[in-house]
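K.L.:
Okay, here's what each chain looks like letter by letter:
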Amino acid sequence: MNEVVDGIVKALQLIFSGDPTFYGIVFRSLLFSGIAAIIAALWGTPIAMLLGLRDFRGKSIVKGLFNALIGMPTVALGLILFLAFSKAGPLGFLAILYTPAAIILGEAVLVTPLVVSIATTAIEAVDQEMTNLAKTLGASESQASIAVLREAMNGVVLSNIASFNRAIAELGVALLVGGNIAGLTDVLTTDVSMYTQRGDFRYAIALAIVLLVIVFGINLIMISARKVKILLTLGRMPQ
Amino acid sequence: MKTWKVMLLVAALATIVVIAGTLIYLDYFARRRLRISTTTSLYDTGLLNEIEKQYEASHPVDLNIISAGTGIALQQAQSGDADIVLVHSPSQEQAFLLNGYGVCRRIIAYNFFTIVGPSTDPAKITGGNATEALKSIVAYGRNQTGQTKVWISRGDNSGTFSKEQSLWTAAGYNQTIISTESWYASTGSGMADTLNVADQKSAYTLSDLGTYLALSQGSTISLKSLISGGKSLLNVYSVMAVNPTKIANVSFNDAIDFIKWLVSDTGQQVIENYGKANYSQSLFYGAVQPLKNNTPQQVVQWMQSYAFINGTECPQQYRDDQPELYP
Numbered sequence: 001m002n003e004v005v006d007g008i009v010k011a012l013q014l015i016f017s018g019d020p021t022f023y024g025i026v027f028r029s030l031l032f033s034g035i036a037a038i039i040a041a042l043w044g045t046p047i048a049m050l051l052g053l054r055d056f057r058g059k060s061i062v063k064g065l066f067n068a069l070i071g072m073p074t075v076a077l078g079l080i081l082f083l084a085f086s087k088a089g090p091l092g093f094l095a096i097l098y099t100p101a102a103i104i105l106g107e108a109v110l111v112t113p114l115v116v117s118i119a120t121t122a123i124e125a126v127d128q129e130m131t132n133l134a135k136t137l138g139a140s141e142s143q144a145s146i147a148v149l150r151e152a153m154n155g156v157v158l159s160n161i162a163s164f165n166r167a168i169a170e171l172g173v174a175l176l177v178g179g180n181i182a183g184l185t186d187v188l189t190t191d192v193s194m195y196t197q198r199g200d201f202r203y204a205i206a207l208a209i210v211l212l213v214i215v216f217g218i219n220l221i222m223i224s225a226r227k228v229k230i231l232l233t234l235g236r237m238p239q
Numbered sequence: 240m241k242t243w244k245v246m247l248l249v250a251a252l253a254t255i256v257v258i259a260g261t262l263i264y265l266d267y268f269a270r271r272r273l274r275i276s277t278t279t280s281l282y283d284t285g286l287l288n289e290i291e292k293q294y295e296a297s298h299p300v301d302l303n304i305i306s307a308g309t310g311i312a313l314q315q316a317q318s319g320d321a322d323i324v325l326v327h328s329p330s331q332e333q334a335f336l337l338n339g340y341g342v343c344r345r346i347i348a349y350n351f352f353t354i355v356g357p358s359t360d361p362a363k364i365t366g367g368n369a370t371e372a373l374k375s376i377v378a379y380g381r382n383q384t385g386q387t388k389v390w391i392s393r394g395d396n397s398g399t400f401s402k403e404q405s406l407w408t409a410a411g412y413n414q415t416i417i418s419t420e421s422w423y424a425s426t427g428s429g430m431a432d433t434l435n436v437a438d439q440k441s442a443y444t445l446s447d448l449g450t451y452l453a454l455s456q457g458s459t460i461s462l463k464s465l466i467s468g469g470k471s472l473l474n475v476y477s478v479m480a481v482n483p484t485k486i487a488n489v490s491f492n493d494a495i496d497f498i499k500w501l502v503s504d505t506g507q508q509v510i511e512n513y514g515k516a517n518y519s520q521s522l523f524y525g526a527v528q529p530l531k532n533n534t535p536q537q538v539v540q541w542m543q544s545y546a547f548i549n550g551t552e553c554p555q556q557y558r559d560d561q562p563e564l565y566p
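Protein chains in written order, with the numbering used here: chain A, 1 to 239; chain B, 240 to 566.
Read the hints as simulated data drawn from the structure, not as lab findings.
Where a beta carbon is used, it is the ideal one built from N, C-alpha and C, also for glycine.
Treat the hints with care, since some could be wrong.
Under 7 angstroms between C-beta atoms, here's a sample of chain A residues computed to sit facing chain B [unchecked claim]: (1) A88; (2) I181; (3) G199.
When you get a sec, could you build the whole thing from the sequences and use the hints?
P.N.:
Structure below.
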């Protein structure tokens with residue numbers, strides 16, 4: 001028990017010590033997950049608009065597929081990407097295995113179903129009248145779409161925050177395609193795992209604390225953002 | 240209108256993050272990278288971190304160290320995902336050379352495996368040699384009921400596991416059959432992980448001395464080193480470059496430079512001195528001077544019979560015309 005307390009005390013000291021190794025890990029985690037979330041938003045939002053605004057054959061299957069893929073086990077995706085990115089694999093010519101690019105791309109793929117599903121729901125929740133109204137007022141098809149997206153913006157932003165959260169908290173992809181190379185591809189989750197194995201609990205605990213603060217902090221923001229949204233909606237009601 | 244402001248803010252933040260990321264990325268590409276696939280024991284002890292620090296300070300190369308078991312390290316090298324391998328399984332190394340994947344092998348360090356177990360030593364292995372110890376452990380294990388685990392194995396493709404298999408064979412058992420018995424457990428993971436499991440279960444396991452000392456000094460584990468030393472527990476670490484004529488796009492010249500550094504006096508000093516301050520003994524011994532001067536004779540003889548390939552560190556045809564590497 002004393003060891004645990006001792007570990008936590010040392011971990012807290014480490015967090016405030018300005019240790020460059022420690023801050024490097026935190027920074028890389030934020031950076032990789034951040035870029036992954038942006039990439040996923042860049043290609044995920046158009047898909048969500050398509051799914052939310054248009055009708056086409058097999059639409060429900062595509063939506064169901066994205067919903068199912070939210071639960072993709074990260075190690076399974078990590079393995080698939082490892083095989084693909086390996087020099088001997090189909091994407092080996094990119095030469096990105098064990099580089100930050102592999103982690104970023106992998107995490108972007110991982111969180112895409114999450115972005116698409118949440119954003120689609122948000123867009124569908126916008127009243128159909130909105131589109132019709134915009135068109136009656138002389139808006140073109142694309143202008144009407146943008147008007148809907150604007151209305152659904154809260155949901156779309158939330159989908160991005162959720163995807164960032166999933167990216168920063170996942171281990172499988174980062175470990176398998178990043179290789180946990182010190183100072184290059186090691187991130188919060190892979191280092192918590194490694195330092196625990198090595199028995200260096202000072203680092204393991206400190207990194208886990210930071211990871212928890214980030215993930216819980218973001219969840220708190222999401223919950224309060226939802227509350228704000230509900231209040232805003234209520235405020236609009238009488239008009 | 241408010242949502243537009245939010246969107247603009249998000250877009251601005253996103254742009255800053257992307258630019259920052261790109262800058263880091265460019266900086267990383269500015270240095271040449273040398274991908275080293277290595278056994279977990281060299282990494283988990285921290286030796287490679289020290290080597291990386293020293294080497295990068297004097298060379299314009301970024302060492303990218305990927306830690307896995309020997310088998311996986313060699314596999315990665317074969318698929319072109321590594322430039323150099325640092326491993327400790329002579330039989331697997333020989334196959335790697337013979338299949339044309341590796342060149343320029345040098346033996347860089349040695350130490351000894353150790354059989355560790357609970358300080359109470361319920362199977363009474365202390366005082367014997369490795370073969371006797373395994374026999375006692377089997378006898379003790381077969382007396383246990385239920386799911387009590389007595390032996391924890393790496394169970395992966397590592398050099399340590401390959402050593403374990405040969406020890407079982409030497410003791411007259413078939414590891415494949417032994418491993419199905421209820422007292423035998425495999426972790427399938429690295430050395431530090433396996434030691435932690437053995438510690439929690441108060442079981443025996445085979446470990447390299449370096450990882451054991453590193454964990455036991457950090458008081459992470461309370462296992463005792465019960466048997467160590469002797470020819471059968473010798474542990475020899477070698478380095479090989481990946482053959483550029485067989486695998487395209489490997490950093491061969493940087494790999495050779497790194498090997499030269501490892502076998503140089505500077506590199507050997509780093510290996511020899513690592514951990515002395517913390518553990519009051521070396522975790523690894525340099526192998527270059529002993530092999531050159533033939534002292535300590537006993538260990539050199541053991542190394543020659545255990546880790547040499549056709550009577551040499553590296554047969555002539557796999558030396559890639561690097562006379563400086565083989566004076």
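K.L.:
Checking hints one by one. Is A/A88 an interface residue toward chain B, by the C-beta closer than 7 angstroms rule?
P.N.:
With a minimum Cβ separation of about 4 angstroms from chain B (threshold 7 angstroms), the hint on A/A88 holds.
K.L.:
Is the shortest C-beta separation between A/G199 and chain B less than 7 angstroms?
P.N.:
With a closest approach of 3 angstroms, the A/G199 hint holds.
K.L.:
Return the status of the interface hint for A/I181: holds when the least beta-carbon distance to chain B is below 7 angstroms, violated otherwise.
P.N.:
holds, 5 angstroms
When the structure is compared with the earlier hints, no violation turns up for any of them.
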